[in-house]
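Asks: For the protein sequence lines, the chains are A and B, in the order given. First residue of the first sequence: 62, per this note's numbering; consecutive thereafter. First residue of the second sequence: -4, per this note's numbering; consecutive thereafter.
Since the hints were made in silico from the structure, they are not lab data. Ideal Cβ placement from N, Cα and C applies to all residues, glycine included. Please note that the accuracy of each hint is not assured.
Claimed, not checked - For lysine-lysine, the following BS3-like pairs were computed, each having C-alpha atoms within a straight-line distance of at most 25 Å:
no. : chain 1 : residue 1 : chain 2 : residue 2
1   : A       : K150      : A       : K207
2   : B       : K46       : B       : K10
3   : A       : K150      : B       : K91
4   : A       : K150      : B       : K185
5   : B       : K229      : B       : K43
6   : B       : K22       : B       : K43
Stated by the list, open to error - Which chain B residues stay away from chain A? Per the calculated CB distances, all over 10 Å, these:
no. : residue
7   : T9
8   : V15
9   : V35
10  : R47
11  : V69
12  : D162
13  : A221
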Amino acid sequence: MSTPDSKDFVARVGSDQRKSPVRVAFVTRRTSAQVKAHDESIVQSFPEVLFRAAIAVQVLACILVLISLFFNAPLEGLADASHTPNPAKAPWYFLGLQELLHYFPPVVAGVLVPTLVVLALIVIPYFNINIEAEGLFAKDRDKRLKIFWAVSIAFCIFLIIFDVIVALVPTVITVALMALAATTPANSPSAFRRSLAAKPLSFWIMSWFLFELVVLTAVGTLFRGPGWSWVWPWSGPGGVK
Amino acid sequence: MTTFNKYFDELRETKVWRSVFRGGTGKSTLRNSMAIQQNVFLHLLSTKVRKRMLEFNATWYLGTLTLGTFGILVITGILLMLYYHPSVPQAYADTKDLQFVVSSGQFLRNLHRWSAHAMVFLVFAHMFRVFYRGAYRPPREFNWVIGVVLLLVTLLLSYTGYLLPWDQLAFWAITVGSNIASAVPLMGDKVRFLMLGGHFVNANALLRFYVLHCMILPLAALFFVAIHFWRIRKDGGLYARHSEPDVVMTTAPARPPL
């Protein structure tokens, strides 16, 4: 911005600070003042936020109390080291890992995978590619497509070799959606496809992880019976505990 | 109601009340701000919040609800501790007593158990929600890391609590889990020994898990929750899309020549 040659403003005194701010800023050549599109309406944390939070927690407490009145926590017989139940299951949030233990050696499924997941979660905000949030195939399309197909096919072959069909299904579905995103033209009439095409790499990885997490946990919880064999949840005892 | 309010306002004007609550009385914006700022617990929060961040859709209140489950768990957990001995086989007998002898014992245990499951679920839901909103972006990256730590603390809290009833479900779930620990390269057996206080799940393991569950992990959770909330304020409040630039520069732009 440069100083206007002729005055195109009127200097006056006002008491409304929003209309006539008293702050003075020097705007130099390479930067420009950030312009806010609109004023945000702001509320006080006390009482607005605290009361809403209290109500939210009370609703939650009511729901949990109702559940606790009607459903009893499980309690089985006294712990007995000489009598192994079949199957012996970990808590539900670890059943995804236990499902992986069925296919891979413990050092991979029990140590390597969880360590990598935690590290991956920690580093998410430290990579610019996750910050910029640009469509995965928006730039360097050909190069990125090559990498995408190479990684996807190699990973699917890896899962097939280890016979991990349970993890293969979510992977194939995710890859199919990514391929759909890659082939979507910028002027596609479908809003769904345009939104897919705008998704960055981090979105795809996280959604794939969420998909795998849900599927593996559900399979471990509902579909695994004696000897970790496949059972249908409606086929009677031996399934859900 | 107005009579009640009148008396309450009068109560708040008394010398004793004002000696306890530093915020003072009145309904002005200043007083409302001071109610947050001048309180040792509430000053972790921002005094003001963007109005649209209060809408249910903005956050689904998942963080708040997670803290709510933690509160329920602390209260029910303390009550359960009054009836529980972390020893073998007394632990199992105590759990049975909670079910059949203690007044509302079954309800107390149910509420603790289901709240624990709810907390694990809500922590995961909170994490994915924050991710999909892009709220992990600078300057909030470290708060995201604190959140990952809190996820791990929550999982450990739930996992250590799983052993305490000392029934078959508990014993074998922990056996399965601790076998994974022995897969750690080079020092797997040592890690497992440290975790269980022995080579298999026994009375020592129960005592260790009890101490972790009732003392160390809740304190760790409180410590990180405090930082987590304080960082929300310090990092500019709840992330509101469109109020901030979509693309945040992570490196400062070159200093313009003066």
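Asks: Among all the numbered hints in the text so far, which are the ones the structure does not match?
Replies: When the structure is compared with the hints, numbers 1, 2, 10 and 12 turn out to be violated.
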